[in-house]
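**Q** Model the placement of chain Y on the given structure of chain Z, informed by the hints.
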Amino acid sequence: MHYALDYYMEKTIDLINTRIRDGNARVVRADQMPDIVDELGVEGALREVDVVTTGTFGAMCSSGAFFNFGHADPPIRMEKVWMNEVEAYAGIAAVDAYLGATQKSETQGISYGGAHVLEDLVAGNAIRLRAQSKGTDCYPRKTLEIELNMEDMNQATMVNPRNSYQSYVAASNTSDRTLYTYMGTLLANAGNISYSGAGCLSPIPNDPNLRVIGSGVPIFLCGAEGMIIGEGTQASPGNGFATLMTTGNMKDMSTDFLRAATFRGYNSTLYVGLGVPIPILDEDMVRRTAVRDEDLKTTIADYGVPNRDRPTLCDVTYAELKSGHVELNGEDVKTSSLSSYKKALEVADELKSWVESGRMILASPTRRLDTTKTSHPMRDRARAPQVRDIMTTSIVTISEDESIRTAAKRLLEGETNHLPVLDSANRLVGIVTTFDITKGVASDGKGVTVRDIMTKRVVYTSPTETVDVATRKLEQHNIGALPVVDENGKLIGILSAIDLGKLFERGWKR
Amino acid sequence: MKLLVTFSRRDVKQPLIAQTVKDTGVLINVERAHVESKGGELLIDIPDKDTKIITDAMEKAGARVKQIEASVIRDETECVNCGACISVCPQDVLFFDETWTLCVDTSKCVLCGKCVDACPHQALSLLP
Numbered sequence: 001m002h003y004a005l006d007y008y009m010e011k012t013i014d015l016i017n018t019r020i021r022d023g024n025a026r027v028v029r030a031d032q033m034p035d036i037v038d039e040l041g042v043e044g045a046l047r048e049v050d051v052v053t054t055g056t057f058g059a060m061c062s063s064g065a066f067f068n069f070g071h072a073d074p075p076i077r078m079e080k081v082w083m084n085e086v087e088a089y090a091g092i093a094a095v096d097a098y099l100g101a102t103q104k105s106e107t108q109g110i111s112y113g114g115a116h117v118l119e120d121l122v123a124g125n126a127i128r129l130r131a132q133s134k135g136t137d138c139y140p141r142k143t144l145e146i147e148l149n150m151e152d153m154n155q156a157t158m159v160n161p162r163n164s165y166q167s168y169v170a171a172s173n174t175s176d177r178t179l180y181t182y183m184g185t186l187l188a189n190a191g192n193i194s195y196s197g198a199g200c201l202s203p204i205p206n207d208p209n210l211r212v213i214g215s216g217v218p219i220f221l222c223g224a225e226g227m228i229i230g231e232g233t234q235a236s237p238g239n240g241f242a243t244l245m246t247t248g249n250m251k252d253m254s255t256d257f258l259r260a261a262t263f264r265g266y267n268s269t270l271y272v273g274l275g276v277p278i279p280i281l282d283e284d285m286v287r288r289t290a291v292r293d294e295d296l297k298t299t300i301a302d303y304g305v306p307n308r309d310r311p312t313l314c315d316v317t318y319a320e321l322k323s324g325h326v327e328l329n330g331e332d333v334k335t336s337s338l339s340s341y342k343k344a345l346e347v348a349d350e351l352k353s354w355v356e357s358g359r360m361i362l363a364s365p366t367r368r369l370d371t372t373k374t375s376h377p378m379r380d381r382a383r384a385p386q387v388r389d390i391m392t393t394s395i396v397t398i399s400e401d402e403s404i405r406t407a408a409k410r411l412l413e414g415e416t417n418h419l420p421v422l423d424s425a426n427r428l429v430g431i432v433t434t435f436d437i438t439k440g441v442a443s444d445g446k447g448v449t450v451r452d453i454m455t456k457r458v459v460y461t462s463p464t465e466t467v468d469v470a471t472r473k474l475e476q477h478n479i480g481a482l483p484v485v486d487e488n489g490k491l492i493g494i495l496s497a498i499d500l501g502k503l504f505e506r507g508w509k510r
Numbered sequence: 511m512k513l514l515v516t517f518s519r520r521d522v523k524q525p526l527i528a529q530t531v532k533d534t535g536v537l538i539n540v541e542r543a544h545v546e547s548k549g550g551e552l553l554i555d556i557p558d559k560d561t562k563i564i565t566d567a568m569e570k571a572g573a574r575v576k577q578i579e580a581s582v583i584r585d586e587t588e589c590v591n592c593g594a595c596i597s598v599c600p601q602d603v604l605f606f607d608e609t610w611t612l613c614v615d616t617s618k619c620v621l622c623g624k625c626v627d628a629c630p631h632q633a634l635s636l637l638p
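Chains Z and Y, in that order, give the protein sequences. At position 292 of the first sequence the residue is numbered 292 (the working numbering), and the sequence of numbers has no breaks. Take any residue in the second sequence, note its place counting from 1, add 510, and you have its number in the working numbering.
Using 25 Å as the maximum straight-line C-alpha spacing, the simulated BS3-like pairs for lysine-lysine come out as follows:
hint: 1; chain 1: Z; residue 1: 322; chain 2: Y; residue 2: 618
hint: 2; chain 1: Y; residue 1: 548; chain 2: Z; residue 2: 439
hint: 3; chain 1: Z; residue 1: 456; chain 2: Z; residue 2: 439
The hints are simulated quantities; they were obtained by calculation from the structure and are not laboratory data.
Looking at chain Z on its own, in the form it has when it is part of the complex (with noise of 0.2 Å):
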């Protein structure tokens, strides 16, 4: 019976709950508002929706649970703590740890994480608790080993420093090598885009303005009863990109809804199914709440840029990302998402009946979140060290018509290893090193010049490129050495093994 709200264009939050309790609410999914509004109008949907569940299902790396494991006899205060061989933090009391989901396994690697320990203690599954102390008068014991499942916890309690993204940069990577990152498998030249987040039906994209999404809001949480804690680390609502920090009970929550991943050549992490019902108090939420995917903007960066600023390679709607195809620099480029929608669709499906049968009541915020607040970079006291601050600056090199006896000659007197070879107009076209030289000799003599028996496929690095990016470099292609071109395609230096170790001699702090 809605004809009150002839009189009053505004709903409480207690006379929902009341519906709710009545078993009257009208319960839709965020996905469906837009519809909605289109055909009653504004006013029209406030008198008819009352809630609005929104959903998501994806990695969620900040994530993880404090578990009690209750005292053993003789008693230990656990000082360092493994769950199936991934360590839990222990420097809290006695028996208490906190383990991260994106926790490595001492013993499986990467393969094996917190967030696979996490899957299993849920699937019902035992593990194996490992602890180690030196032994005090009160916690005489020093080492304990057992076999636990959930139900021999006294808690076990999920939270998740960081989750709930309002938006997520999406990823492509301009460089010629694939990339395995947090987003996934890049493939080189733009070959791919990913992206993440559920776009309308992700919960902070339906209440930007954080009215109704605080502290002490009920959630579902892994298909737990969960409960927003507050801001989230990393926060930045101020620039369109909040973060809710959650909790909720493991002992009630479900694999169908929390799942271990491994990110190939990155990390474990955790994918989380996390909804929001948002209480439809005005009409300022109904307009919130009919956002579409073609409304909710987000930039693709290229993560082939290996600094904390990526460029922005364009900008893109989640309905383009959603399409499987977006179009950049006039390419058609295919998209993945690393979130699950289906599995989002479940989350509010199963928050909607949840609300539907009186099973989970709303409650306003105990506290506002700050909407204003931006995130900053880490202060920087030391500039990073970069290439031209270690280089070697007197470079011997050869042209690419001498003879294989000169460059040999040439190395030598030179006391180096690496020879860049430069063509007439002095550009960058190959390199020699002391193995080639040997390679071409013990060929007899089928190379003449440095041309026949160099490397064309050059690897480089540039004078402001940082030492630990052209360090990688150096370990991924297991060379010695890379020629330094500056940016107008002029040799400047060379950086050698050799030379990282002044970053030692400087002291450069790190």
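**A** Chain Y in isolation, oriented as in the chain Z frame:
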């Protein structure tokens, strides 16, 4: 029909594909090739009706031929239908239906394995 052809340089002396095409007149589409100094492995696609004639010709030339019926295998209990595999596939084998459920068009698969590496849930595998 997809055939997985393996050969060693010791047993196969003549140019395998060229000779087979010349002898049989059947056009062979090489979808994947991995050749090393001692031998190699080829995944080829041919019209179904020519399966026997090609198999016979290649076996006569000293190669081993295996028919590939299935392609990448999806473990439905592990798959969460995220779609991380879709964009890395060079053949459009993987796609969503209208309910956002992942579908696999096995006929297009060339067993490159890119999707296997890209799956965060280790739900995809190639033939044993």
